[in-house]
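Chemist: With chain A fixed as given, assemble chain B onto it according to the hints.
Protein chains in written order, with our numbering: chain A, 1 to 725; chain B, 1001 to 1294.
Everything labelled a hint here was simulated from the structure, so no lab data went into it.
By construction, the Cβ of each residue, glycine as well, lies at the ideal position given by its N, Cα and C atoms.
Any given hint could be a false lead.
[Said to hold, decoys possible] Heads up, incomplete: computed chain B residues facing chain A, CB under 10 angstroms, no partners named: (1) 1001; (2) 1060; (3) 1078; (4) 1125; (5) 1133; (6) 1134; (7) 1138; (8) 1140; (9) 1263.
Okay, here's what each chain looks like letter by letter:
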Amino acid sequence: MSASASGLVELTIDGNKVSVAAGTSVFDAARMQGIPIPTLCHQQNETPVGVCRICVVDVGARVFTASCVRPVEAGMVVNTNSEKVQRARRTLVELLMADHPSPCTREQHSGDCELEAMAHRDNITRPRFAPHSTGRAKDSSSPSIAVDFDSCILCDRCVRGCGEIRDHFVLARMGKGTAAGIAFDDQRAMGESSCVSCGECMVSCPTGALTNKVFTHTALGAGPTFENVPVEELQQLPFFKGVSGTFLSLNRGAVVRRQFRRGEIICREGEYGSTAFYILEGKARVSISNPMAHVKTKGVVKKFLGKLSSKLAQRQQDQRDEETYKRWIPIDAPVDLEYDSPVAELNAGDLFGEMTCMSLYPRSATVRAETDCTMLEMLRNVLDIMQRNKNFRAQLEKSYRQRALDSHLRAVPVFAELTDEFISSLRESVELVRYSPGQVICRQGEPADSFYLIRIGFVKVTQLHMGGEMVMAYLSRSEYFGETGLLREDVRTATCTALDHVEVVRIGANDFKRMLAEFPQVREKLEAVEQERMEMNRARLAVLQNVPLDDFLTQGLMEAQSLLLLDLTSCTRCDACVRACADAHEGVTRLVREGLRFDHYLVATSCRQCLDPLCMVGCPVGSIRRRNSLEVIIEDWCIGCGLCAENCPYGNINIHPFNVMVEDLASPGRKKAMVKQKATSCDLCTEYAEPSCVYACPHDAAHRVDPRKFFAELLKPGANTGKAR
Amino acid sequence: MRIDRTHQKWLVASLIILGLASAIYVFYAARSPAGPSGGSAVGLTFGMVGSAFMVFAGLLAARKKLPVVRLGRAQSWMRGHLWLGLLSLPMILFHGGFRFGGPLTSVLMILLIMVVVSGLFGAALQHYMPNVMTAEVQKETIFEQIDHVRAGMIADADALMAATTGASDAGATKQAARAPIAVQTVALTPGAALALSNFYVREMRPFLQNDGGERHPLADTSSARAIFVELRTLLPGETHDAMKSLEDICEEERRLRRQTRLHHWLHGWLMLHIPLSFALLLLGCVHAFMALRY
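So here's chain A without its partners, still in its complex pose:
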């Protein structure tokens, strides 16, 4: 190549003589002359890579060249639009369309898929070539960006946008040949990767491979109380500093500023929502208005005509097992509430409603404006990007260390005796770590290096045994894990996985050991809990090893501690059992004569006290738990949201309404009558020697059984299945 002394190169493009600076690409030279060359992979703000080849031109060489990467040469004669060039481009578009689902998400929603626009221009409706699927389909793990790998044409615009423009380097090419594709970090799901949701990739993407989820989410409500905040103003706020303006523009309406007058209710306990609140100014009062009581079935059993009735009983009136310590109530806010006085204050800089927003759980408490308040209300995509923002995280962690770590640690009974000095020393060393749904927090067999205290979300604890993985427990806020390996100075004994959006307080091994050394009583308590957990696990394993499997497992019966069985060869379907249950519980039956069949037994719908109690997952206030006897217990601070009833796969939890006097939130100081709900499950009529349903069955068809013994006996070879007792 030779250039003139002025540094200009002369060439001919489509018959026009042009002079451009040496080093200019043919694509840019044509563009400067107003000659458009179609392209997909090339953008002016990114380094050209020439991978889509749509911009091919004829420069008189043996083959056509990609104009975006070909520098001009003196005397070059370029033909950008000859019939042969057009034919070549058309073939390339056909090849790309063959692998591209049409219409893709972008085309469906905004009609601006660049590839499909090209195909329409060239009248390509049905490509001649066989389609090839990536086999990776879709990734919806990110709350803000949807990924459709099948729509990706491997133009690399997103990869360059992420690395060159934003310096994030999260996206890259992965694989070779037909297996090639884009990947986040080391091929993680987007939501689990280090992506900060800046939105550059989806802005860069020419097709529906990376699209904004705003297409599928509605914006927050409109009206005088919902004030849209301009992007520039949002970026002025300290915690939005560093958040991508592109993202905020695309998600306009997903974050609004709201004013609440003193006394106004911001959210109510038990309601379903999808937003989180960040307090900009003012104070709010968070409380639980449902009465602090549990459903107690009482009866005068000694008397001839004694009858049961269901009442609300406070802990002082009815102390149940394992309620000897003072409990803190975990809520979806940076503070926990005290059992005796479930009220706390939230201030400017506090974020609440994270679990509702991220995992769509019911609101855990009622929040009322204590003074005139200004808040930002945001949807999940905005909260997610903020959680990934370093400034916001730093502020959140600082606030947590200063205000919440103390009460959070003390809410755990075994840590109740830690001194203020020790907690102060922990303040700077603990770490808040987030996990996405399904992400493994620690794995069985790995060295134990940390202790974890759950701040938000639910963690599933599983152990791998011969024959498969077994769920050992579900843990929620203020519960902890990881102590066993550290106490034994050994490897992890179980795998802990985030069930939803989880945030844990990670305490390093050194701090944990220091705590054990300084507080021997904490060590003793932890060892006692560990021993208890090990014994429970051993008992469950014994169940696995001793119980016949097949149908028994497939119907989930092995999960049960206690079953109500109806012998269908004796049952006349008279429903005396159901009426008895309703009679025993103020007209609210906890038993429905419907369910799975095992042999000639109907496993009626009644609490099975499962070993894998799914009912406990998602309780916004952690009020459903099990005693060490495995019996399910619903704590006094149940807010009656009904999520446990929805989660129970067997429909065995009921919501019982009660008329109670509660504080009138609209007029503080006054009380008003309201119907409040409490969750209940079958309590086996513990007041009686025999459950009412069994007692009332006139046909000897209803039986309460320990399923392991009962079915083991029933399934023995040669056992008489006609009548097992």
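Modeler: Showing chain B alone in chain A's frame:
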């Protein structure tokens, strides 16, 4: 209630009571020159024991009204009802010396025999029918929910028809389908569309609305299968999945009908047994009052 080995003690006790009563009666009848009489001391004793058994049997209804109250297990009451109720017949026969007596006592005797026979019939039904129902109705529905389930099935079928034929008003029901119906709308020939529409409107929908009884062609499994086979030959292959779903809905309707029929057998006899029992107890009181008064 199944009459099985668990009734052994009751059976033995009842046989002993019957044996003793029979022995007393034979002895008493042989020693009475004028023959046994209900008014004699022994006859009155038989009458009181028989009445007590009947009253106890009748109290089962009251016991069922108080299911939670600890008055003894309901199954013990049921066993007592069965065996003591049965024993009441020989006791009353001993009481009357195997004679029906006047009009009131004749009515009472007939009532007692009818109550005992209907009770035995009911006991036999409740012994066998649960087995039959368990075997024949694999997916049972709560009896009171059958109408609701049927309405859901009609909504499903309407939605299927609408989706298959593309008609907006194929179904007259406004109830939402129980599950989203994903069926490809197919361009049917006019003949095929008419055949499908005629079948649905004239045959299937009335059947789902519980019309036509047992004589309806869709009420019989084999004739229903033949109808659907014929329908499939008229319709393009794309509709066959929808036809399978319609066939399954018809099968569910047959199952509901079977369950209803068996349920009526299980409990229908009570419509006779209970009123007769109450009439017997009432007239028994009148008889006792009149006998003691006059």
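Chemist: Checking against the hints above, which ones are violated?
Modeler: As far as the earlier hints go, not one is violated by this structure.
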